[in-house]
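A.B. asks: Okay, here's what each chain looks like letter by letter:
2 protein chains.
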Amino acid sequence: MLASSGNAWLERKSEFMRRMVEDIEVGYLDWRVKRLLDAINSRPKSYTTSSCSGRVCIIDAIKPWERKESSVVFKKHDPISSSELLRVLSTKPKHSYWLIVGGPILHVMCQDLEEVKFILDCARRAGFKHSGITSVSDKGFLVELISSTQLILPLTRGERVLLNLKEIEEVIALVNETLFDGWKRIDMLEKIIQSQEGEGA
Amino acid sequence: MLASSGNAWLERKSEFMRRMVEDIEVGYLDWRVKRLLDAINSRPKSYTTSSCSGRVCIIDAIKPWERKESSVVFKKHDPISSSELLRVLSTKPKHSYWLIVGGPILHVMCQDLEEVKFILDCARRAGFKHSGITSVSDKGFLVELISSTQLILPLTRGERVLLNLKEIEEVIALVNETLFDGWKRIDMLEKIIQSQEGEGA
Chain A
1 MLASSGNAWL ERKSEFMRRM VEDIEVGYLD WRVKRLLDAI NSRPKSYTTS SCSGRVCIID
61 AIKPWERKES SVVFKKHDPI SSSELLRVLS TKPKHSYWLI VGGPILHVMC QDLEEVKFIL
121 DCARRAGFKH SGITSVSDKG FLVELISSTQ LILPLTRGER VLLNLKEIEE VIALVNETLF
181 DGWKRIDMLE KIIQSQEGEG A
Chain B
1 MLASSGNAWL ERKSEFMRRM VEDIEVGYLD WRVKRLLDAI NSRPKSYTTS SCSGRVCIID
61 AIKPWERKES SVVFKKHDPI SSSELLRVLS TKPKHSYWLI VGGPILHVMC QDLEEVKFIL
121 DCARRAGFKH SGITSVSDKG FLVELISSTQ LILPLTRGER VLLNLKEIEE VIALVNETLF
181 DGWKRIDMLE KIIQSQEGEG A
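In order, the protein sequence lines correspond to chains A and B. Residue numbering for the first sequence follows the numbering used here, beginning at 1 and increasing consecutively. Residue numbering for the second sequence follows the numbering used here, beginning at 1 and increasing consecutively.
Okay, chain A solo, but in the shape it has when bound (with noise of 0.2 Å):
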């Protein structure tokens, strides 16, 4: 029952695996994750179809999760300088800025419910917490793994600034040790994964 058949699901796998194969080449694929999806799409039952190792953006937006009106400001996939956030604040938002660290993210396509629970099971040791099935079809079942090691941080309110700007080295040191705990925990996975290899196989 809706497990994915043995032809058609190779057939997907080598497809996803072809075009993981082009993102290296055009150096598109965050390489920070490079060894923990090659852990998972060593697994018979597994194959990852998108990934991310975590990133720091500045919106612009009434909230962050009111999509409309809303605009990305800055974006990057590596530790912060107080003077990129301070070059931010130094404009004037349409409504209000906010600064998302958002962790690692990862979509693991699993044949089956087993290979599901192994990959669930690995994933919330690691800290992947709120991690889950996302959606069924007969390609198979799409598991998203989410860390938990994020900040929604209101910068300011129109032009109201919130943060105490004179303890603003603190924010930044904060900001890239939660991209730094993402990693670690990146790296955790990988470990989990690779020590139980065959299991739930």
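Since the hints were derived computationally from the structure, they do not count as laboratory data. Remember, it's a predicted structure, so these values are computed and weren't measured experimentally. Treat each hint with caution, since some may be false.
Claimed, not checked - Here are some chain A residues pointing at chain B (derived, C-beta under 8 Å):
#1 Lys63
#2 His130
#3 Glu167
As the list claims (entries may be wrong) - Subject to a maximum C-alpha distance of 30 Å in a straight line, what follows is the list of computed DSBU-like cross-link-like pairs (lysine-lysine):
#4 B:Lys139 <-> A:Lys139
#5 B:Lys166 <-> A:Lys129
#6 B:Lys191 <-> A:Lys68
#7 B:Lys75 <-> A:Lys117
#8 A:Lys129 <-> B:Lys117
#9 B:Lys139 <-> A:Lys117
#10 B:Lys117 <-> A:Lys94
#11 A:Lys166 <-> B:Lys75
Just so you know, even glycine gets a beta-carbon here, dropped at the ideal spot from N, CA and C.
Fit chain B to the known structure of chain A by using the hints.
C.D. replies: Coordinates of chain B only, in the frame set by chain A:
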């Protein structure tokens, strides 16, 4: 396969409904989600196992995603005031203070995948993103619905205050609006489920 069968399903659903009535009697159930829970529980193939309409917490922690040595110093399911926030900030944290506004969260047991799809589709339309199946057993499919109306806001780093206290009323307004936005999504989800009653059942 794995779908929960008739009698056992009905017995477990009745047990959860009995617990919910008890929770209402002792004032434990969060009244803001009551109509939504009724809408879900009126569907033969779903029952709710737990729920929260959203809340404001202040925790003393190294990082909010590290449970170790973290403790809750303030918790409220209603709007907060600046004096409540200042009272916490007048004390020294062991680590750092974090203000967390959690959005509404619900857990729904579904009897089969068709019902899961219905619930997830309604949930996503009401802004409960990142919702998904978190576990599968002979009891059914456990679906977690989470709204993205949340804040993860570092108040201090050690004893250094990261907020601009001159704008504390703006921060409080934002915290309370985050709660209200969550309540709106609860009402929206109830209306969406009610309007499609019978579909997918």
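A.B. asks: Hint by hint, say whether it matches the structure.
C.D. replies: We went through each hint and held it up to the structure:
Proximity of Lys63 (chain A) to chain B holds as hinted, the smallest CB-CB distance being about 7 Å (cut-off 8 Å). At about 6 Å, the closest approach between the beta carbon of His130 (chain A) and any beta carbon in chain B falls short of 8 Å, and the interface hint on this residue holds. For Glu167 (chain A), the shortest C-beta to C-beta distance to chain B is roughly 5 Å, which falls under 8 Å, so the interface hint holds. Among the hinted pairs, Lys139 (chain B) with Lys139 (chain A) is consistent with the structure: their alpha-carbon atoms are about 24 Å apart, no more than 30 Å.
A C-alpha spacing of about 36 Å is found between Lys166 (chain B) and Lys129 (chain A), which places the hinted pair above 30 Å, so the restraint is violated. With a CA separation close to 21 Å, the supplied pair Lys191 (chain B) and Lys68 (chain A) stays within the 30 Å bound. With a C-alpha separation of about 33 Å, the suggested pairing of Lys75 (chain B) with Lys117 (chain A) is violated against the 30 Å cut-off. Straight-line distance between C-alpha atoms of Lys129 (chain A) and Lys117 (chain B) comes to about 22 Å, which keeps the hinted pair within the 30 Å bound.
For the proposed pair Lys139 (chain B) and Lys117 (chain A), the alpha carbon gap of about 15 Å is at most 30 Å, so the pair holds. Distance check on the hinted pair: Lys117 (chain B) and Lys94 (chain A) sit about 38 Å apart at the alpha-carbon level, beyond 30 Å; violated. In summary, the hint linking Lys166 (chain A) to Lys75 (chain B) is supported, as the alpha carbons are separated by about 29 Å, within the 30 Å threshold.
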